[in-house]
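What follows is the residue order along each chain.
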Amino acid sequence: MAVAWEPIRMIEALRRVRREAATYRGLWSWIATVDHKRIGIMYGVAAFAFFLAGGIEALLIRLQLARPGGDVVSPEVYNQLFTMHGTTMIFLVVMPLASAFFNLVVPLQIGARDVAFPRLNAFSFWVFLVGALFLHSSILAGGAPNAGWFGYAPLTELPYNPGHGIDFWALGLQIVGISSMASAFNFIVTILNLRAPGMTLFRMPVFTWMTLVTSFLIILAMPVIAVALFQLEFDRLFGANFFNPTKGGTPLLWQHLFWIFGHPEVYILILPAMGIVSEVLPTFSQKPLFGYPFVIFSGIAIAFMSFGVWAHHMYTTGLGPVANSAFGVGTILIAVPTGVKIFNWLATLWGGNVSLRTPLLFAVGFVAMFVIGGLTGVTHSMVPSDYQQQDTYYVVAHFHQVLFGGALFALFAGVYYWFPKFSGRLLDEKLGQLHFWLMLIGFNLTFQPMMILGMLGMPRRIYTYPEGMGWDQWNLLATSGAFVIALSVLVFMVNVVRSLRRAERAGADPWDGRTLEWSIPSPPPPYNFARIPVVRARDDFWHRKYMEDAQGRPVPVVAGGSGEVESGAPEEEIHMPSPSFFPLITAIGFPIIATGFVFAEYAVVAAGAVVLLYGLYGWALEPATE
Amino acid sequence: MADHAHAAGVHLETATGLDNRKLLMWVFLASEALFFGSLIATYLLYRGQSQTGPYPSDVFDIPFTSVSSFILLMSSTTMALAVGSAHRGHLHQMRTWLLVTALLGMSFLAGQAFEFTEFYNKGLTLSVNLFGSTFYVLTGFHGAHVSVGVLILASLWAMAMRGKLGKANAIYVELAGLYWHFVDIVWIVIFTLVYLLEPL
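The listed protein sequences derive, respectively, from chains S and D.
If you read the first sequence in the working numbering, its first letter stands for residue 205, the second for the next number, and so on.
If you read the second sequence in the working numbering, its first letter stands for residue 170, the second for the next number, and so on.
Keep in mind that a hint or two might mislead.
Listing some non-contacts, in silico: residues in chain S with all C-beta distances to chain D over 12 Å [unchecked claim]: (1) Pro366; (2) Gly443; (3) Gly512.
DEER-style ranges, computed between Cβ atoms [as the list claims (entries may be wrong)]: (4) S:Tyr806 x D:Val236: 25 to 35 Å; (5) D:Leu362 x S:Ala810: 32 to 42 Å; (6) D:Asp188 x S:Tyr356: 37 to 47 Å; (7) S:Val540 x D:Val358: 43 to 53 Å; (8) D:Gly186 x S:Leu579: 23 to 33 Å.
Since the hints were made in silico from the structure, they are not lab data.
Please read these numbers as outputs of a predicted model, since none were measured by experiment.
Every residue, glycine too, gets a C-beta built ideally from N, C-alpha and C.
Chain S extracted, bound-state conformation (with noise of 0.2 Å):
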């Protein structure tokens, strides 16, 4: 077995190593962590930093497209600048953050000290890391991915686009797939298997809810995405001919693949979202979420109807008149749940006691915001308006405003809810709501021209445009906007920074909390609660904190009572998983494996097994505790 010629020396050395880590001081303590929120900390980090990336790749698209014939990058760059961005945006941002959120706050919420697996949470973590930098790294090798985010073959093929960029862009998308695989199996054990003690799954926040159907349309979704990126790898390395036309392999299959995948993908970036919106308008309303088994339900069928809408991406493919009905009056029936969860959420408001701070602000731009994206989503799976739009700016104008105006602002929102959980110190008020107002005009700015752009005629993915087709004035209105937002991002940056050099310290509960994560020190110590909680109700600390008077109006209990935060330290000794590097090394395996293939040199491809194998098998026989 792999121990056996393990170098002794160098294990010993790691063991000392892992010992001095499990103090919490120090790079390596970060390197070889296992704890939930260490974990989750760095993939917000991470994913924020190709937040900006990403960003940085969009101005250059907008300022290349300020005005007609336009020559700031080439049209090589340009196609490049688009597939990048698009990439990097859903996989690389949006997706890990919401992971950063699963990490930081599920254990949390309910009652546990850590996930099932801290090792393969770490590895999680390490392997989207090790993917997205490989990913990245094509630029270095003769050319970023340049087809598209959703790859269309035969584009993609060899004889069409002969560069390594198609290689880079399917092994590491791979690569990030088997971290978002590995995170979802994990969050799925982790809240079925580690609720404390009457945490009944009905008594569960929205936020974990949420958080346990995205990983299940993960781990459905993503092995199909990855069968289509194996096919589209064997063709392009080895010469099969899964989508190659002259030898009767059709480019539909991978469009069919590629959105069996993309439609549940689209949830799996909105649910989460969804989730922390439920969290933060209660809380801001100072009432319980109306409505909250229907919130559950309309989740699950989201769920549930994504798997069976994926043809409305394919409606001018040519799939005849039954199958495009089919799946256009599918997709218009995942407009009926989603609505219930709009309603609910304005009843939640209704009548509510509601303190309108940043994070709420957020959150009802999410709202506001969504229900746009929501209605034009709801004209796309109209057969006859989609063959009009299709391959448009007003789809482009249509997803922004889902996936920015729905995820991203959710996602802010849940940044400045959970920021002085996790930090200990409050954001900056004033310059939250200016990083709001500014994202929002800006944003509005950006996106709606591209609405009329589309419909005016507007395709997307041209590098430039001529003059007199009546597209510039929009189309400088979409750049300046563009502009609006990189300013509010950078309004966010600095509220960041001055916090946490020295804003004024957040208690354990500042904004009256309703859930388990609130009822602990902020920052949490490392194993959560002194005491697993007992759960009596949904919403438990905050009917630990209030009674209702005849009117059903909420009113404190007397100071002493159970709702005070827990401080202290644990009457037991509490033994907390041991850090460990065997997750790290093996997820330096896989780039290596992929960097092997891309060139044809399997010499590197078996040392990247090597590596796997080390890893996977130091990583077995280490004891999880020491």
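Mind docking chain D on chain S? Use the hints.
Same frame as chain S, but now just chain D:
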């Protein structure tokens, strides 16, 4: 695989009563079902679409593949015996059945290697037609899964020989069993759809 789930204060019973590791394996297998489902769907989509030979009827040797399929199915029996003896603490039997299962898996893989070589010699390459592409990638990924299974079984056997696998951690044998049975079931589907139903 052998992730110890003593995570974070879960010396408590789990909320569902199901072991963390077993639940992990079940959701992993659910995911794998979609993986093989996509590969099989691709095979069926391109079935009969090859523009040039060799065609399936030119290369398939049903009696040979039936024998190797039978070997793989029998390995599920020996796997079940290994799990049973692990739970009862019959360590000697457990070691034997683990080894037999791994050897049967290796026999199946040897059969697949022989079959691939034969087909290749008859002109069926990955790039000659759609049948070659879809057949090799589908059965190749299945073979890769069997190989991983053999590696796991061999590792468990090695652990058992050093006395590090007993009744207390019989769960690992059970997890390997779940995986092994799943890979066998996938082969039943592949053998039926790809080989047996080919004349239809």
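Unmet hints by their number, sorted upward, for this structure: 2, 7, 8
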